[in-house]
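Chemist: Listed in order, the protein sequences are those of chains C and W.
Taken in order, the first sequence gives residues 94 to 243; the numbers are from my numbering.
Taken in order, the second sequence gives residues 7 to 474; the numbers are from my numbering.
Please keep in mind that the hints were generated in silico from the structure rather than gathered at the bench.
Check before you lean on any hint, since a few could be wrong.
As the list claims (entries may be wrong) - FRET-style restraints, in silico, Cβ to Cβ:
(1) C/Ser178 x W/Arg58: 44 to 50 Å
(2) C/Ala112 x W/Ser352: 45 to 51 Å
(3) W/Glu17 x C/Lys124: 33 to 39 Å
Stated by the list, open to error - Just a sample of chain C residues kept apart from chain W, beta carbon distances all over 10 Å, derived:
(4) Asp109
(5) Gly159
(6) Lys163
(7) Thr170
(8) Asp184
(9) Glu186
(10) Glu191
(11) Phe221
Stated by the list, open to error - Stretches of chain W that chain C covers, calculated by requiring three or more beta carbons in the stretch to come under 8 Å of a beta carbon on chain C:
(12) 157 to 163
(13) 279 to 291
We treat Cβ as the ideally placed atom computed from N, Cα and C, and that holds for glycine.
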Amino acid sequence: MADIRGVETLMSVTYDIAARDFVRAGEAANKLKRLLQQLGLDPAVIRRAAIAAYEAEMNVVIHSYGGQMKVDITPETIEILCQDSGPGIPDIEQALQEGYSTASEEIREMGFGAGMGLPNIQRSADQFQIESTVGQGTTLHVTILHEAGE
Amino acid sequence: MQPYFHSVTLEPENCKGCTICIKRCPTEAIRVRNGKARILELRCIDCGECIRTCPNHAKRAIADDFSLLDKYKYTVALPAPSFYAQFSGQDMTISRILQSLLQIGFNAVFEVAEAAEHVSMAIRRYIESTSIRPVISSACPAIVRLIQVRFPDLIDHLAPIHAPVDIAARLAKEKLMRKMGLEREEIGAFFITPCPAKVTAIKQPIGFQNSWVDGAIPVTTVYARMLKVLPYAEDTPGLQQASAFGVQWGRATGEEKAVSVPRRLAVDGIHSVIEVLEEIEMGKFHDIDFIECQACRGGCVGGPLTVQNAFRGWANLEELTKNLPGEIDPGIEREVNRRWEEGFYSLETKIEPRSILKLDDDLSRAIEKMELLEKTVEFLPGLDCGSCGSPSCQALAEDIVQGLASEGDCVFVLRDGVQSLAEELLELASQVPGSISDRETSSKKTRLRVGEKNKGSSPARPGAGRQP
Chain C
94 MADIRGVETL MSVTYDIAAR DFVRAGEAAN KLKRLLQQLG LDPAVIRRAA IAAYEAEMNV
154 VIHSYGGQMK VDITPETIEI LCQDSGPGIP DIEQALQEGY STASEEIREM GFGAGMGLPN
214 IQRSADQFQI ESTVGQGTTL HVTILHEAGE
Chain W
7 MQPYFHSVTL EPENCKGCTI CIKRCPTEAI RVRNGKARIL ELRCIDCGEC IRTCPNHAKR
67 AIADDFSLLD KYKYTVALPA PSFYAQFSGQ DMTISRILQS LLQIGFNAVF EVAEAAEHVS
127 MAIRRYIEST SIRPVISSAC PAIVRLIQVR FPDLIDHLAP IHAPVDIAAR LAKEKLMRKM
187 GLEREEIGAF FITPCPAKVT AIKQPIGFQN SWVDGAIPVT TVYARMLKVL PYAEDTPGLQ
247 QASAFGVQWG RATGEEKAVS VPRRLAVDGI HSVIEVLEEI EMGKFHDIDF IECQACRGGC
307 VGGPLTVQNA FRGWANLEEL TKNLPGEIDP GIEREVNRRW EEGFYSLETK IEPRSILKLD
367 DDLSRAIEKM ELLEKTVEFL PGLDCGSCGS PSCQALAEDI VQGLASEGDC VFVLRDGVQS
427 LAEELLELAS QVPGSISDRE TSSKKTRLRV GEKNKGSSPA RPGAGRQP
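Please take these sequences and the hints and turn them into a complete structure.
Modeler: Shown next, in the form of structure tokens:
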């Protein structure tokens, strides 16, 4: 198996993420964490992957109309590709600032939408790409190396 | 590998193989095989949930007995704060409880509650010195082991500080060596323990080599002996030293209040602790400075080796601490500050992960097993009934992949197998060889049956021999 860049993929999993389903929110990240633990990866790496996946999943739950998270395990990396259909992000620079959030009051009252999601993903990732089209959706690509990056 | 000591053990003769325990075990460490439960050594964290759950009392805690006291020239009792919670009554005081301990055979007492005050301040100093958030308490040994096996990525969050009982043993022995001129080996320090996890922690410490504690005697054992002397025990000035802060460590929220950093919380009950740890793994709770985690509901008063109901114990502790000073002695604070600099409270070695989750040491083998695991999970009914002896379908699938179980262990898979076998048999039975017709076979069958009947019954017929 090889991905679009021609890199060998050892294993691939896909999780569906439903919009506004706060009961199941976090399940995809939890399943991914368990999978990585079963594969015996470094605990610090698993931690970063779990945090990135969780925040990405929560963004899809809170802001989009639903999406998918596809995770590829390659010999050197964990690739998390999170795609949603939704309103998209008009100003990505702004969205990446700590504390910036467009979450509604209702969402904030639930303890989410503190504006730390994207900054946390960026901090956890070794490589981080975000593309967004207003009115269509957002695609997030996070790469985490198996060997501790820092 | 060094074999693990476990306080929690199975009594096979009491075990009915009922599978109740396998579901409650927080690390999925029990399997029922050949009609008996088995505890998987690598997974067990000695929390004692199975002792609490087993309706047949087939799980018990191995601990030390009173006879161990005879091996030492001088003995000191280290009562856990939760030990006090076993007693109540209008005239009950901690001083009387301590006096009773002297009467049943100990030469001295040293309150673990006093050491808990030291540890509270040491944890606070540690929190102030680190940027890790949240810091998780390492005082409950079942939680330390839970994190080692199920949450290895959170090991860095554990406060690398000795538990109160270890500090108590050191403080007590140093004091006795100084005051009585005894050698360290001559003094036996015995913890009066509310739980099996502490027994294990003393026999097999994590984060340091040898414990200063020489034995752990269950609260239940000491309680039985105390009952005879307690009614006559009198208040003895000077015995009771600890403040309410130290004594409250015996129940949930006590530690967190004594540590007293600005943003803190307490979680009790191992399944609730697991929920919180899972959230911490996802990056939550980073705005909290300190989390007290207790495996038992209600904290140590809910320990599996206590006598009183946890809620009653909680109330008893409230009553017993009512008249105690609500402040830690300033002298102790100065002592802690001095000893902190010496590293007195710090663990000596790193806490190592002991992950039970990984399928294989080799990544590509692990991936192969993972793929087989996913296929196996799909094949199983997903009812998590436990009839196979594994706690869930997922766990059975893991056992199958690791070669510890087979698909036929699942009663539903077995039933499907039997059903298709039966259908196959029926199919075979209805097939008739081409050389004979349907009619022939049915008449032959009838003849055969008649013939057999005659043959079988003729010798038994009465009077048959006399026929001409």
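Chemist: Indicate, hint by hint, whether the structure satisfies it.
Modeler: Cross-check of the supplied hints:
1. The supplied range of 44 to 50 Å is met by C/Ser178 and W/Arg58, whose beta-carbon atoms lie about 49 Å from each other.
2. Distance hint for C/Ala112 and W/Ser352: a CB-CB separation of about 48 Å, consistent with the stated range 45 to 51 Å.
3. As the Cβ distance of W/Glu17 to C/Lys124 is approximately 38 Å, the hint placing it in 33 to 39 Å holds.
4. The beta carbon of C/Asp109 is kept farther than 10 Å from every beta carbon of chain W, the shortest such distance being approximately 16 Å.
5. No Cβ of chain W comes within 10 Å of the Cβ of C/Gly159; the nearest lies about 20 Å off, and the non-interface call holds.
6. For C/Lys163, the non-interface assignment is confirmed: its Cβ lies about 16 Å from the closest Cβ of chain W, beyond the 10 Å cut-off.
7. No beta-carbon of chain W comes within 10 Å of the beta-carbon of C/Thr170; the shortest separation is about 12 Å.
8. For C/Asp184, the non-interface assignment is confirmed: its Cβ lies about 24 Å from the closest Cβ of chain W, beyond the 10 Å cut-off.
9. Non-interface call for C/Glu186 relative to chain W: holds, since the shortest CB-CB distance, roughly 23 Å, exceeds 10 Å.
10. No beta-carbon of chain W is positioned within 10 Å of the beta-carbon of C/Glu191; the least distance is around 13 Å.
11. With a closest Cβ-Cβ approach of about 16 Å to chain W, C/Phe221 is found to remain outside the 10 Å limit, as its non-interface label requires.
12. A count of 3 residues in the stretch 157 to 163 of chain W with a Cβ less than 8 Å from any Cβ of chain C is obtained; the coverage claim is therefore met, three being the minimum.
13. Look at the stretch 279 to 291 of chain W against chain C: 4 of its residues bring a Cβ nearer than 8 Å to a Cβ of that chain, three or more, so the hint holds.
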